[in-house]
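Colleague: The chain contents come next:
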Amino acid sequence: GNSVTQMEGPVTLSEEAFLTINCTYTATGYPSLFWYVQYPGEGLQLLLKATKADDKGSNKGFEATYRKETTSFHLEKGSVQVSDSAVYFCALIQFYFGTGTSLTVIP
Amino acid sequence: DTGVSQDPRHKITKRGQNVTFRCDPISEHNRLYWYRQTLGQGPEFLTYFQNEAQLEKSRLLSDRFSAERPKGSFSTLEIQRTEQGDSAMYLCASSLGTSAHNSPLHFGNGTRLTVT
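For the record, the sequence lines run as chains X and U.
The first sequence maps to residues 189 to 295 in this note's numbering.
The second sequence maps to residues 20 to 135 in this note's numbering.
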């Protein structure tokens with residue numbers, strides 16, 4: 189069946205460090221993949237998405253590439269900021285979410 | 020775009036009581052979803068509607084859970100005979116649905132249920 193496995197946290201990084209949060213999926217076909225972010229005290233909001241294999245989603249300096257060979261959709265950012273501190277969720281279509289990865293960026 | 024709104028924000032109830040939550044989606048969105056989220060977990064899909072039709076309800080947690088969207092606008096989620104294990108955050112989301120399920124979700128801030 190369909191499922192998402194997400195890297196567990198929490199993750200603590202210094203400002204300007206490189207970020208990778210791993211996400212792998214199991215699915216039939218090539219369903220859309222999403223990253224959602226939840227900032228402290230706020231609801232989940234879309235960060236980026238990719239709707240087919242080899243697509244790259246990007247937003248706010250974050251990127252993720254839909255890789256069918258490795259069934260992965262890892263989230264990356266080259267230089268994190270304190271304002272990126274949040275919980276990040278990988279999702280497969282609208283029905284399957286990862287457990288979330290908490291990121292704290294320290295100055 | 021006024022966003023997805025959920026009411027109430029918090030609900031404290033005694034075990035065995037019934038509770039009902041309301042969700043108002045973004046007005047032009049045809050799909051509406053309900054999720055449960057417990058501490059340290061991601062959203063767990065419960066059910067969804069396209070307009071007034073409930074397209075998936077097998078993931079509702081038990082027959083104590085039911086949802087409606089009578090006019091294809093707002094939706095309600097009811098839990099009957101609440102149990103302490105029902106304590107969680109209940110999230111609503113809406114989207115412009117397509118058959119490919121590739122439209123992003125817009126989430127409300129959730130209703131936090133505490134069963135004592």
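If you are wondering where the hints come from, they were derived from the structure by calculation, not from laboratory data.
Wrong hints could be hidden among the right ones.
[Unchecked claim] Ranges between beta-carbon positions, derived for each pair:
1) U/104 / X/205: 19 to 27 Å
2) X/271 / U/33: 36 to 44 Å
3) U/26 / X/269: 42 to 50 Å
4) X/258 / U/26: 40 to 48 Å
5) U/33 / X/258: 43 to 51 Å
6) U/74 / X/214: 20 to 28 Å
7) U/133 / X/197: 22 to 30 Å
8) X/196 / U/120: 21 to 29 Å
9) X/189 / U/29: 16 to 24 Å
10) U/33 / X/267: 47 to 55 Å
11) X/267 / U/99: 32 to 40 Å
12) U/104 / X/196: 18 to 26 Å
Note that the Cβ used here is the ideal one computed from N, Cα and C, for glycine as well.
Colleague: Next step is simple, just say for each hint if it's right about the structure.
Modeller: Here's how the hints hold up against the structure:
1. U/104 / X/205: 19 to 27 Å: Once the Cβ atoms are compared, 39 Å apart, the range 19 to 27 Å for residue 205 of chain X and residue 104 of chain U is violated.
2. X/271 / U/33: 36 to 44 Å: The hint (36 to 44 Å, Cβ to Cβ) holds, given that residue 271 of chain X and residue 33 of chain U are roughly 41 Å apart.
3. U/26 / X/269: 42 to 50 Å: With Cβ atoms ~34 Å apart, the hint is violated.
4. X/258 / U/26: 40 to 48 Å: Cβ of residue 258 of chain X to Cβ of residue 26 of chain U: about 43 Å, so the range 40 to 48 Å holds.
5. U/33 / X/258: 43 to 51 Å: Given range 43 to 51 Å: holds, Cβ gap about 49 Å.
6. U/74 / X/214: 20 to 28 Å: Between residue 74 of chain U and residue 214 of chain X, where Cβ atoms are some 23 Å apart, the hint holds.
7. U/133 / X/197: 22 to 30 Å: Between residue 133 of chain U and residue 197 of chain X, where Cβ atoms are some 25 Å apart, the hint holds.
8. X/196 / U/120: 21 to 29 Å: Taking Cβ atoms as reference, residue 196 of chain X and residue 120 of chain U lie about 26 Å apart, which means the hint holds.
9. X/189 / U/29: 16 to 24 Å: violated, 34 Å
10. U/33 / X/267: 47 to 55 Å: Holds: the Cβ-Cβ distance is about 50 Å, inside 47 to 55 Å.
11. X/267 / U/99: 32 to 40 Å: At 50 Å between Cβs, range violated.
12. U/104 / X/196: 18 to 26 Å: holds, 23 Å
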